[in-house]
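Trainee: Taking the hints into account, I'd like the entire structure generated from these sequences.
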Amino acid sequence: MNGRAIHRRAFLRGAGSVLALPWLESMARGAEQVSLPRRRMVAICNDLGVIPDFFFPSGVGPDYELSPYLRELKEFRNEFTVFSGLSHPECVGGHQTDKCFLTGARHPRKPGFKNTISVDQYAAAQLGSATRFPYLALRVGPGGGSLSYSGDGVRMPAEERPSQVYRNLFVQGTPEEVKRQVVRLKDGQSLMDSFRDRIKSIQREAGYRDRERLDQFFTAFRELEQRLHENEAWEERPKPKVNVPMPRDERSPEALVARTRLMYDLARMAIETDSTRMITIFVTQQFNPKVDLPGVELPHHALTHQQGMKGSREQLATVERAGLSEVRRLLGGLKKVREEGETLLDRTMLLYGSNMGHAGTHDNSNLPVLLAGGGFRHGQHLAFDREDNVPLANLYVSMLQRLGVDAETFSSGSGTLAGLEAV
Amino acid sequence: MKFVSFKIGILLLFSCVGAQGVVGVVRAKDAGGAGTFELIDDFLAAHCFDCHDADVQKGDLDLTSLAHDFSKPADHFAWGMVLDRVASGEMPPKKKPRPEAEELKAVTEILFEQLAAVERERNAEEGRATVRRLNRKEYEETLRDVLALPHLRIAEALPPEGNAFGYDKSAAALDFSHVHASRLMEVADIGLRRAIVPARERPESQTIRFEVRDPKNFERNFNGFNALLKQTKGIPLNGMEVDTSMRYFQGDFERRIAGHAKDLPPYFDGFAIFINGAFNLGMTIRPLKPTVAGYYKIRVNGFGVLNDHGEFVPSDRMETVGLYSNDRTLGFVDLPPYEPSTGEITVWLEPNDVIKPLVASAPFPRVKGLTRGKPGEEYVGEPVYERFRAHGVAFRWFELEGPLYESWPPESHVRLLGERFPGDELGGEGEADLIRDARSLMWGFLGRALRRPVTPEDMKVPMRTVVQKLKRDEPFEEAMISGYRAVLTSPDFLLMRMDPGRLDGYALAERLSYFLWNSPPDGELIRLAKTERLLRKDVLRGQVDRLLDDPRSERFVEHFLDKWLKLEDIALTEPDANLYPEYTPLLMDSALWEARAYFSEMLARDLGARYVVDSDFLMINQRLADLYGIPGVLGNEIRRVSLKGDSVRGGFLTQAALLKTTANGTVTSPVVRGDFVLTHLLGDPPPPPPPSVPAVEPDISGVTTIREQLVRHREDEACAGCHAKIDPPGFALESFDVMGGYRERYRSLEKGKLLGLVLEARPAETRAGLEVDGSGEFEDGSKFRGIREFRKLLVEREDELARNLLEQLIIYGTGEPVGFADREIVDEMLESAAGDGYGVRTLLHLVVRSPLFLKK
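Those protein sequence lines, which keep their order, are chains E and B.
The first sequence runs contiguously to residue 1593 in this note's numbering.
The second sequence runs contiguously to residue 867 in this note's numbering.
Derived by calculation from the structure, the hints in this document are not laboratory data.
Every value quoted in this text rests on a predicted model; they were computed, and no experiment measured them.
No farther apart than 30 Å at their CA atoms in a straight line, the calculated lysine-lysine pairs in the DSSO-like style are these:
#1 148(B) <-> 1284(E)
#2 541(B) <-> 1370(E)
#3 1280(E) <-> 83(B)
#4 1244(E) <-> 1480(E)
#5 1370(E) <-> 471(B)
#6 577(B) <-> 148(B)
#7 308(B) <-> 148(B)
#8 1280(E) <-> 107(B)
#9 1280(E) <-> 574(B)
#10 794(B) <-> 105(B)
#11 471(B) <-> 541(B)
#12 1411(E) <-> 1356(E)
#13 379(B) <-> 227(B)
#14 1280(E) <-> 105(B)
#15 1356(E) <-> 471(B)
#16 106(B) <-> 1280(E)
#17 1280(E) <-> 116(B)
#18 1370(E) <-> 148(B)
#19 1284(E) <-> 577(B)
#20 736(B) <-> 574(B)
#21 148(B) <-> 1356(E)
#22 1356(E) <-> 482(B)
#23 1280(E) <-> 577(B)
#24 83(B) <-> 1284(E)
#25 866(B) <-> 1370(E)
#26 1280(E) <-> 148(B)
#27 736(B) <-> 1280(E)
#28 1284(E) <-> 69(B)
#29 866(B) <-> 1284(E)
#30 83(B) <-> 1370(E)
Mentor: Here you go:
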């Protein structure tokens, strides 16, 4: 709970739990001025993974040798840590594990599977009200996928259109539109209460599964009420201005690189303007388009399955290298901007990885993961057992704590990740 | 209590299945007790644990860890899988000793009884289906109906839906979060504001015409034509002749010298273009701008041409002009060759819509090639249009007429505000008058929105905000919008509610209309629901027919096919332009129209399940006829065409839509298509690929065929089992390329003879590659030499096709897949439909009158 001088829970403990909510609100607002550094997180998952041999480095610790892919990031060598031997325990199921990348929920392929909260949503629940958007869930590629899941395991829809993201972040409505929006927010708040009552009364007559399903609605209306309340304050404040025009949405299925760049740029701008501090980006290529890069002739997903064949391996490496190169661009962008004597990168944890350890064989162990920036002692290869993996969620515990969230454990993570230290 | 109903379930089952053997009955007595599992455990130990125990866990399955309990969903599912695999004979695998017939029978019966009993109990208590909300498509259609805005488009502004059992018609697919709730509020607001008109005066209709003449006019009003003219990629005409009196002046992009054209007498009065894509051209006709939202007529005057290197030569086909706006297709008009004609469409336009014409039937997305002369000077070389041969359209003029209103104020406005308009003076009216009007409008609105009788209780929440605002002197329309929005986002509006047991009239009407229309029940259904007459078999049957014969059933056809045959994914990839230069967007549109028209035809004529894979007719237009090699089909309209002789075409199986959806842009894979046929047509999905086995992908270098690779793949025993089942249908479909064309050879960019195709007005590098082998052999040993024989074998499996189709309809209609407890009912339905060859309309009637549909 950095970004506020006093830890909300610590304060509660100290003062006894008789405090009413309005108090807390005023405490939070007043505290903004004497804040600790704002800490952010950007989590990216690429759902077709990377060729393991080209990603994982040889050697461990600070003296490791950069792998072919990591050479794309060599100028940031001291600003990221690469991991091996991490994965989510009992989280197998090929491509269906993408929804667990930030949640660590077990057995996504089992019938009746219910997801758990994702690390960004967990953090946003505590830190989200500091910014106009508590979080941004973004997606590069078609479909309905998202990395963000609520406490009920409900998927938080991700936005795919850069134009829409831009509009939300930076386009100020006309005074008339703002007025209407405020009215809608006010109306909405008073409605949510009656909607919840209505759900409760329907639930009284319902069977078990119906009741469980209706709980989602109850929660949604409750959370919306809270957000409407927060939004109302934001609505009166002007949105930040940027000197970049509204991007055009890239519709060609082949334009992976252009689409990725647009979204990464928007993520950087969102951080720069402190519009949000939690961003998830799901880069999905499962629909198998050909990527328009020189020398690439076969569709992306198909290439991952024949990475053993020489010609295919080269094509796939071209695509994946381009992916890493966009990460470099994002890191560079974050490093250029300074905030209170630090770079934005110093304050932004950038997690890049995949739910696939080996996409060609649908393997979900030994996931390729790296963490850049955010105020950790980087510049090393933290190697764990590639057969008997350490929970990836341990890394999430480290990240949560760095964000200032009071978390000892998260999902299958029972503590922070050994060897990763904050600066 | 629970135990009792459990036992009753078992007994009921036995009274139905009758002579299922003594073993089952004895076991059933101690249902769920130790005896049940003794027999199962013995069986598993003898036949399954070798591979599926805690150590080996083949296929990621450890049967020793399965709970001795059928009631938890995960265990229920796992046991169900065991039963299905064992009953079908798939397990134990062929190489292992077969269980004794009697032993097998006893175990499968017991498992079935147990699983069905658990479901039956649950169904009785809670119903089969779980309460769900409207999906975004249904929400859109509902808003359209309720607001009388048939063209409202808001679905895309809502989050994409999930998928459960292949559809978005189940609770499990339709999550709800605060994001959904908040977007619904925004979207409802958009819809409501669209519905009201800003002023009492009726906007006057006017006609705007754009004449295709004068380079200056192009420069000011139509960038696209201007660019094509000065780059000599389109042809100016005098009447029917090429206008050769045009002079072109060379531009230079780097030196910022704009090229231009100068028209000398005789002046041109038409302009022919040959492209179906806009690329960087601004294809907007600027003067044709709608002023307010409403219906407009767009007219296009011109004629088809065939440009053969600068000369017009006879053409024997229709050309199709596509009219597009920023983000959607407005419509198509056909123009005959060399006969100036006017085509017209009527569309709904919004104020910021633009109108862009393209030649949808033209072969290229753009014309490549440059004019090279001295910058600023007259270009005297060969015009680009003399370098290619292509069909195109000569345009003479465009017109926009509108807005056209059926009535004024429009119905949508009257429903929300009655005779009031924004900005009206109140005159002598007071607050009480406003509130009285508001109440009466709200009552009517709720009646349309709620799909059930309105109670005074329903008025409370929306009227609270309306009254509050009116008392604060806020404008009447703002107060009403706020109240209506409260209705359109309320749980009563969003949820489709049902109580366990038999549905009442309203719930049945709602389920039925969302099944066949994706929208709420209309007046007639509601009247029948009110009197409960809808519950009568003959009345219900009549209503199903009425709904199906209504144009709104097109929504069912479209949505059902989008999900069942995954046609919603058709545009996820695009055929590689180098390999498939003939592919055009119109082909993809036509392919979707074909599939939908075909299913509509099946419904209208009650065609049987075999029509999924076989037919003696096609539903096609000129573009598809071209692809399929069928002569004499002119124009864009889809029509029924009889198939002559032994065609490779017939059924969904060989329609372009299915073939395109199951391919990606470059290559086809028998594995993907085989899996598709098994899963979506035969209802027999193969198990997912085991972990740690690399998949096989086509090699487009032209060295090996996918078939050769698969043969090698199947030499691996671990792969052979499943691939013997998956590959054969895929092999048969190898005779069709990624856009649905029939092929005898693969295409290649590296090896083989040039095919002489044209890409963007230049020769394409497309070559004829290796030969296609469409033969194969099913697991049971039946062989086929190609698609025709393969189809015959599939037709023989009519009952499987029918069962699958029926099960798909059940999921779509009820939101739940066929469970163990439902199998008996499904079997009966199939039996009764078998005589008529399982007509699809018959199946649909059977679904609606089955307890699966009539009960929650």
